Amino acid sequence: MTSTVTPASAGPAASPPGSAVRLRTPRRPHSPGRPRRSVLLTVLTSLVLLYSLVPLVWLLISATKTQEGLSRSFGLWFDGDFALWDNIAETFTYDDGVFTRWLLNTLLYVVVGAGGATFLAVLGGYALAKFDFPGRRAVFAVVIGAVAVPGTALAVPTFLMFSNMGLTDTPWAVIIPSLISPFGLYLMWVFASEAIPTELLEAARIDGAGEVRTFFTVALPLLAPGIVTVSLFTMVATWNNFFLPLIMIKDPDWYPLTLGLHSWNAQAATAGGQPVFHLVVTGSLITIVPLIAAFLMLQKYWQSGLAAGSVKE
Amino acid sequence: MRKHSSRRLLRGTALVCALALGATACGGSDDEGSGPKTVSESDVQAALKKGGTLTVWAWEPTLKQVAADFQEEHPNVKVNLVNAGTGNDQYKALQNAMSAKKGVPDVAQVEYYAMGQYALTEQLTDLKGFGADKLAEKFSPGPWNGVKAGGEGVYGLPMDSGPMALFYNKKVFDKYGIEVPTTWDEYVDAARALHKADPKAYITNDAGDAGFTTSLLWQAGSRPYQVDGTEVGIDFTDEGAKAYTGTWQKLLDEKLVAPVTSWSDEWYKGLGDGTIATLAIGAWMPANLASGVKDAAGDWRVAPLPQWKAGGKASAENGGSALTLPELGKNEALAYAFLEYAGAGEGVDTRVKGGAFPATTEQLNSEAFQNTEFPYFGGQQANRIFADSAANVADDWSYLPYQVYANSIFNDTVGKAYVSDTTLAEGLKTWQEASVEYGNEQGFTVEK
Amino acid sequence: MTTLQPPVAAEPRPAPPPVRRDRRSWTGWGFIGPFVAVFALVFLAPIAYSVHLSLFRDQLIGGTTFVGLDNYEQALQDDRFWAALGRVSLFLCVQVPIMLGIALLVALALDSGRLYGKNFFRISIFLPYAVPAVVATLMWSFMYGTRFGLVSDLNDAFGLSLPDPLSPDLVLAAIGNIVTWEFVGYNMLIFYSALRVIPNSLYEAAEIDGAGQIRVITAIKLPAIRGALVIATIFSIIGSFQLFNEPSVMQKLAPNAITTDYTPNYYTYSLSFSGQQHNYSATVAIVMGLITMVIAYVVQLRGMRKGV
Numbered sequence: 242m243t244s245t246v247t248p249a250s251a252g253p254a255a256s257p258p259g260s261a262v263r264l265r266t267p268r269r270p271h272s273p274g275r276p277r278r279s280v281l282l283t284v285l286t287s288l289v290l291l292y293s294l295v296p297l298v299w300l301l302i303s304a305t306k307t308q309e310g311l312s313r314s315f316g317l318w319f320d321g322d323f324a325l326w327d328n329i330a331e332t333f334t335y336d337d338g339v340f341t342r343w344l345l346n347t348l349l350y351v352v353v354g355a356g357g358a359t360f361l362a363v364l365g366g367y368a369l370a371k372f373d374f375p376g377r378r379a380v381f382a383v384v385i386g387a388v389a390v391p392g393t394a395l396a397v398p399t400f401l402m403f404s405n406m407g408l409t410d411t412p413w414a415v416i417i418p419s420l421i422s423p424f425g426l427y428l429m430w431v432f433a434s435e436a437i438p439t440e441l442l443e444a445a446r447i448d449g450a451g452e453v454r455t456f457f458t459v460a461l462p463l464l465a466p467g468i469v470t471v472s473l474f475t476m477v478a479t480w481n482n483f484f485l486p487l488i489m490i491k492d493p494d495w496y497p498l499t500l501g502l503h504s505w506n507a508q509a510a511t512a513g514g515q516p517v518f519h520l521v522v523t524g525s526l527i528t529i530v531p532l533i534a535a536f537l538m539l540q541k542y543w544q545s546g547l548a549a550g551s552v553k554e
Numbered sequence: 156m157r158k159h160s161s162r163r164l165l166r167g168t169a170l171v172c173a174l175a176l177g178a179t180a181c182g183g184s185d186d187e188g189s190g191p192k193t194v195s196e197s198d199v200q201a202a203l204k205k206g207g208t209l210t211v212w213a214w215e216p217t218l219k220q221v222a223a224d225f226q227e228e229h230p231n232v233k234v235n236l237v238n239a240g241t242g243n244d245q246y247k248a249l250q251n252a253m254s255a256k257k258g259v260p261d262v263a264q265v266e267y268y269a270m271g272q273y274a275l276t277e278q279l280t281d282l283k284g285f286g287a288d289k290l291a292e293k294f295s296p297g298p299w300n301g302v303k304a305g306g307e308g309v310y311g312l313p314m315d316s317g318p319m320a321l322f323y324n325k326k327v328f329d330k331y332g333i334e335v336p337t338t339w340d341e342y343v344d345a346a347r348a349l350h351k352a353d354p355k356a357y358i359t360n361d362a363g364d365a366g367f368t369t370s371l372l373w374q375a376g377s378r379p380y381q382v383d384g385t386e387v388g389i390d391f392t393d394e395g396a397k398a399y400t401g402t403w404q405k406l407l408d409e410k411l412v413a414p415v416t417s418w419s420d421e422w423y424k425g426l427g428d429g430t431i432a433t434l435a436i437g438a439w440m441p442a443n444l445a446s447g448v449k450d451a452a453g454d455w456r457v458a459p460l461p462q463w464k465a466g467g468k469a470s471a472e473n474g475g476s477a478l479t480l481p482e483l484g485k486n487e488a489l490a491y492a493f494l495e496y497a498g499a500g501e502g503v504d505t506r507v508k509g510g511a512f513p514a515t516t517e518q519l520n521s522e523a524f525q526n527t528e529f530p531y532f533g534g535q536q537a538n539r540i541f542a543d544s545a546a547n548v549a550d551d552w553s554y555l556p557y558q559v560y561a562n563s564i565f566n567d568t569v570g571k572a573y574v575s576d577t578t579l580a581e582g583l584k585t586w587q588e589a590s591v592e593y594g595n596e597q598g599f600t601v602e603k
Numbered sequence: 012m013t014t015l016q017p018p019v020a021a022e023p024r025p026a027p028p029p030v031r032r033d034r035r036s037w038t039g040w041g042f043i044g045p046f047v048a049v050f051a052l053v054f055l056a057p058i059a060y061s062v063h064l065s066l067f068r069d070q071l072i073g074g075t076t077f078v079g080l081d082n083y084e085q086a087l088q089d090d091r092f093w094a095a096l097g098r099v100s101l102f103l104c105v106q107v108p109i110m111l112g113i114a115l116l117v118a119l120a121l122d123s124g125r126l127y128g129k130n131f132f133r134i135s136i137f138l139p140y141a142v143p144a145v146v147a148t149l150m151w152s153f154m155y156g157t158r159f160g161l162v163s164d165l166n167d168a169f170g171l172s173l174p175d176p177l178s179p180d181l182v183l184a185a186i187g188n189i190v191t192w193e194f195v196g197y198n199m200l201i202f203y204s205a206l207r208v209i210p211n212s213l214y215e216a217a218e219i220d221g222a223g224q225i226r227v228i229t230a231i232k233l234p235a236i237r238g239a240l241v242i243a244t245i246f247s248i249i250g251s252f253q254l255f256n257e258p259s260v261m262q263k264l265a266p267n268a269i270t271t272d273y274t275p276n277y278y279t280y281s282l283s284f285s286g287q288q289h290n291y292s293a294t295v296a297i298v299m300g301l302i303t304m305v306i307a308y309v310v311q312l313r314g315m316r317k318g319v
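Those protein sequence lines, which keep their order, are chains Y, Z and S. One gets the working numbering by counting positions in the first sequence from 1 and adding 241 to each. One gets the working numbering by counting positions in the second sequence from 1 and adding 155 to each. One gets the working numbering by counting positions in the third sequence from 1 and adding 11 to each.
If we strip away everything but chain Y, and leave its shape as in the complex, we get (with noise of 0.2 Å):
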């Protein structure tokens, strides 16, 4: 990984103020001599690793198995019948093949939603980091604190005001509240304030150009690793998203997987339902294998972007 830190990674979190852009070596091992390979240091991450690994394990091996093998076999061994196949055949062609459009549905949001979260939290990042305008401080404080107040109390209000504005049960409904992202504001503004120097911007500026062109031409491109980044923390927020949509959409045209996968959970637990046990988890797979291979396809530019920060969606 090492070749690809960029001049703008020289993230926030450590770099001394005043030296916002550096050109870094690529980063040789740090520490005193060249670090021998630990077996010991190896093996108790080992622990961490197994840890995160063995429920993504019974995911894959019961995602091979059918209903009736779900029930009757050790969670973490596979099945006589190795049914994987034609469990995802089926989740896509069960009840008129609506998971298909619920996968598309997902996209839509994720797309639109986290897209839009991406670009306002890179327009709002680099207003904190670079502009003295009259309520600066008090912004980030205020979406502090709204974040603090517990979302599910908030979703009744929202229902009702969205409901009077017409948006509930339209994409509108899951897309709007996506477009926010308080990390993703932060990690902009904290990755903004060390990527873009100032004498650039102003350089720019006396050039003539508009403050729009600016942020297009000069701004923009330094902030190409914070904005994989925070794309891609918004793109699993949206695609995990749960709550809102479950109160907002009721038509299950407009379904995102999240909230597909649990109907389908419900529906063992009505008269006359059929348990479809298999198909959810198979379809748990499913929904996490986009995610997976984006983590994979763009982890070279995504570690790079990252600085500082958590947050719990």
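To be clear, the hints were calculated from the coordinates, so they are not data collected in a lab. Each hint should be verified, as a subset may be incorrect.
Label-pair distances were calculated between CB atoms; the ranges are [what the hints assert, rightly or not]:
{"hint": "1", "chain 1": "Y", "residue 1": "Arg342", "chain 2": "S", "residue 2": "Ala184", "range": "35 to 43 Å"}
{"hint": "2", "chain 1": "Z", "residue 1": "Gln220", "chain 2": "S", "residue 2": "Gly74", "range": "36 to 44 Å"}
{"hint": "3", "chain 1": "Z", "residue 1": "Gln220", "chain 2": "Y", "residue 2": "Arg342", "range": "49 to 57 Å"}
No farther apart than 27 Å at their CA atoms in a straight line, the calculated lysine-lysine pairs in the BS3-like style are these [claimed, not checked]:
{"hint": "4", "chain 1": "Z", "residue 1": "Lys219", "chain 2": "Z", "residue 2": "Lys257"}
{"hint": "5", "chain 1": "Z", "residue 1": "Lys289", "chain 2": "Z", "residue 2": "Lys204"}
{"hint": "6", "chain 1": "S", "residue 1": "Lys129", "chain 2": "Z", "residue 2": "Lys355"}
{"hint": "7", "chain 1": "Z", "residue 1": "Lys325", "chain 2": "Z", "residue 2": "Lys508"}
{"hint": "8", "chain 1": "Z", "residue 1": "Lys508", "chain 2": "Z", "residue 2": "Lys293"}
{"hint": "9", "chain 1": "Z", "residue 1": "Lys464", "chain 2": "Z", "residue 2": "Lys283"}
{"hint": "10", "chain 1": "Z", "residue 1": "Lys205", "chain 2": "Z", "residue 2": "Lys192"}
{"hint": "11", "chain 1": "Z", "residue 1": "Lys485", "chain 2": "Z", "residue 2": "Lys410"}
{"hint": "12", "chain 1": "Z", "residue 1": "Lys449", "chain 2": "S", "residue 2": "Lys263"}
{"hint": "13", "chain 1": "S", "residue 1": "Lys263", "chain 2": "Z", "residue 2": "Lys584"}
{"hint": "14", "chain 1": "Z", "residue 1": "Lys405", "chain 2": "S", "residue 2": "Lys263"}
{"hint": "15", "chain 1": "S", "residue 1": "Lys263", "chain 2": "Z", "residue 2": "Lys410"}
{"hint": "16", "chain 1": "Z", "residue 1": "Lys468", "chain 2": "Z", "residue 2": "Lys293"}
{"hint": "17", "chain 1": "Z", "residue 1": "Lys289", "chain 2": "Z", "residue 2": "Lys326"}
{"hint": "18", "chain 1": "Z", "residue 1": "Lys351", "chain 2": "Z", "residue 2": "Lys326"}
Chain Y residues, not near chain S, derived (Cβ > 12 Å throughout) [unchecked claim]:
{"hint": "19", "residue": "Thr307"}
{"hint": "20", "residue": "Ile329"}
{"hint": "21", "residue": "Arg342"}
{"hint": "22", "residue": "Pro423"}
{"hint": "23", "residue": "Thr458"}
Small disclaimer: the values here were computed from a predicted structure and weren't measured. For glycine and all other residues, C-beta sits at the position ideal for the given N, C-alpha and C.
Starting from the structure of chain Y, add chains Z and S where the hints point.
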């Protein structure tokens, strides 16, 4: 500068607030004329001819076919069948839509236990004005009692019902030479014998389920809820309740019931591998067994529900739901036509074919229905037992007008009896107190 | 909260403001405006509406009446609310240090360059974050099963008698385990990324001084990622106080252990959705929000100011 900006922020917020408040403002009163609406048979026919779109919120799987048939029969009508969630999920959505006065469906599936609240607050249309009260004879007593929701009106047409029966795993019973219990005392003995023979096997599962407990109380002759409009009485100490707690406490104390939650993956497993040997549950269960516990096909049989008094025939309803017309829905005449079709007309046979259990006496008493052999139950004519049970449901039971809430706190209160030293009787007492408190807070006059 | 700054402001060296600001003007609003507008719609307006709601009481019978601050008085004396708050506080004090501790240790291990297969570790430990909370909870709940789950298999295989993780005494730990599983990798990655950007010059200085591994960690690495640690802690506090998804999914499987007032957020949910007590629910949410804010603020102040 700073002051300026905060004022601006305030102004912005005020604007959005106004928007938000608009939602409540219009949530005020618009009681347009009290007394039931009247819609005549000819209105209904006219509406069918004219056509239109109906939005139906229901999770019942066999309705899909019914809706398709209905559309075929009335080409101008489009039925938009939406699964807005199962049970509670749907009530939450319905309540939200009703508060917003927007997006309320024209027809909604509501379980009997949940009808009281909507009926009392007049959020469901009283169908007496549609002539629904004349349909009383068509339905068996339990469900009809359900749609009256403890009042004088008729707030829906019964769709399905759940007269209780005892489903038991014959293979397990035969293996250990255990007799099928006919009374609850025998049931306890069977539970002991079974668990002794196989420590992994349990007579049944019970992790605390409000619907199950109230059904058994109903069967035991207990009438814990007395409802007269907004006057409510709650009492879990009558004779019937004592019979129930006395018996069930034994099962809990001796750890004879599996603490597995119904409808969970674990539950389906237990039903399949014989570790959960019986279920006292509604007559809609066969469809669930057939689709969810395929491995145990042929193992299970049906018997009448065990009795509190030897030789008795008492039964109760467990689950079941009606189709209703929310007050804020549109197309009432058309919606009512659909209700009649699905609940009392041709739709019933379609649904029975799909595995649903009817609430109509005509189907319950028909030869074809009673003679149906269930391959899942080894060819047993199980409907005879169910129909018999349906006829023996006492029809003077009533739920609370806020039973949905009361059930939601069942596990907070009675649930303690399943995981600690608290007894069932104590748990029921806590439940009673919490229900009384809530009722009084909500403006009811509740007496213990 | 107005002192919250990017971590740069909390750098060890006394320094001029990190970035020279442009002249004070309204131009910045052009950029932050869109965010603030949407934010006002989806956060501030519902909150304002909740404040409004909290001043009223709505009954099934009798309608809505203005009650002033009665709801707040009730909330402050509500045992169920305080019990729920106590529960998440306990959760916070145990789970968050464990989760962040593991995350930090793994991040340091990865950063040390002493691991075999570093990239595999990094991506694998991060993977659980991609699993939706609902799915994660379902997976773990299966494994918790004492009758058919992994716990039962272990008991059978080794003749153990592991206690039921879904019993009332252990269920909080069971939830903590799920949350830890979901977020260890996420926090690990944030710490790791912060570690990766520590300038080499600092290490070179340490090398000259002959500092050992431990000394390098305590003297260089940890101070350098202080900003990341503080913000991770703040967001973890908010996350713990808002614990909802995991208990609500598990409630179906352990209904007697997880009550409907198990966490403050679950309590507001039950009040609002099962009990139709929107007004009181809004009140509890606002009180909870204020408490969370105060604690986050204190952590942030202490975390940023404590001298290095």
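Item to check | Hints violated by the structure (listed by number, smallest first) | outcome: 3, 6, 9, 11, 17 and 22
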